[in-house]
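Given chain A, put chain B in place with the hints provided.
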Amino acid sequence: MDSQAIATIPEQEHAGHEHPEFVRHHFANAAQQRETANFGMWLFLLTEIMFFSGLFAAYLIYRNWYYPAFVAGSHQLKIWAGTLNTVVLICSSFTMAMGVYSAEMRKRKALLRWMALTLILGMGFLCIKAYEWHDEWEHHHVPGLNFSTSTFTHVDPRYPADKPLAPDMAEKTQTYFSLYFTMTGLHAFHMIVGICVLLFLMYKAWGGAYTNGHMNTVENFGLYWHFVDIVWIFLFPLLYLISRHQ
Amino acid sequence: MSEPTHHTHTVVPPRVYAAVFGTLLCFTALTVFASYLELGTFNAVVALAIAVIKAVLVILFFMHIRYSSKLTKLTISAGFFTLIVLLLMTMTDYISRAWGMW
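The listed protein sequences derive, respectively, from chains A and B. The numbering of the first sequence is this note's numbering, which starts it at 35 and goes up by one. The numbering of the second sequence is this note's numbering, which starts it at 57 and goes up by one.
Excised from the complex, chain A in its bound form (with noise of 0.2 Å):
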């Protein structure tokens, strides 16, 4: 508590100015700090998307000078799995969304329930996730640990139209994976970080910490799990979706 450089009788910290409990002291009132509270978040998350966007760049830089071995590289992935993991995840920030609402509207038992539905589907997200990057592996798509361009310098059965590519171009494919395992990598990392989380809120949810008025941390994290779907939204069409038309 941090009035305890005012107040040496417990009974009258409060005397004089009536707020609810959890209104700290250097805010006006409750509206006022659910606001700042949400404003750090955003500049939070606003560091964060710098922080992919670099990724981002460097993709948009190498995508321009090797784009046959992208078109290549992307044509390795799994469609399936990429649509798939997109779905999961608007779903997860539809429970999320409802989660806070929950809270707003103080049901504690509502709010824990799109809680779990929201982490069951990110758990989900993370184990199609871990499929994928397993199929790589086994296809010698890891760069730095068994990348090998046989792939790439014959013809691929599935896109016959395909050319195979010339050695050099093909050694390109292996700046395509580097930046698809460090995008997703990241992104899978902050899927991770989210759930570990999201775990501790739903604890504190279930003592109701959060159904009392006192929401910010449900919203505010609920700001995180929406960001981190964003960046998917992006990485989806960017990996996936190069030139499936051939």
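Careful: at least some of the hints might be erroneous.
Unchecked claim - Here are some, though not all, of the chain A residues that point toward chain B, as calculated from beta-carbon distances under 10 Å:
| no. | residue |
| --- | --- |
| 1 | I83 |
| 2 | V134 |
| 3 | H173 |
| 4 | R278 |
It is worth saying that the hints were derived from the structure and are not from the lab. The model shown is predicted, which means the values in this text are computed figures rather than measured ones. By construction, the Cβ of each residue, glycine as well, lies at the ideal position given by its N, Cα and C atoms.
Showing chain B alone in chain A's frame:
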């Protein structure tokens, strides 16, 4: 010191969330479908345009920016301006002197 500006907080009804959710799924289907069409360079343009629309929907409705204070709206706009600067200035640098690569 004057009173802080009061921003009345609106509670977004679930049906708005449901409508946005449905729209996001439609756009996902659209972007996958569009990737199979032969549009040349415009494939990338269409894919990114759809991604931007989806992101805007998430930001406006799921993240409540449609109902937020001017301060929050301005802050996010400033963030996106910085993002554009990052991408655009990097691009102009490479395009203008990419050692023959571009």
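Verification of the supplied hints:
The interface hint given for I83(A) holds, since its Cβ lies 6 Å from the closest Cβ of chain B, which is under the 10 Å cut-off. Annotation: V134(A) was flagged as interfacial toward chain B, and the flag holds, the nearest CB pair being 8 Å apart, inside 10 Å. Nearest Cβ of chain B to the Cβ of H173(A): about 22 Å, over the 10 Å cut. The hint is violated. Checking R278(A) against chain B: minimum C-beta separation of about 4 Å stays under 10 Å; hint holds.
Of the numbered hints listed earlier, the single one contradicted by the structure is hint 3.
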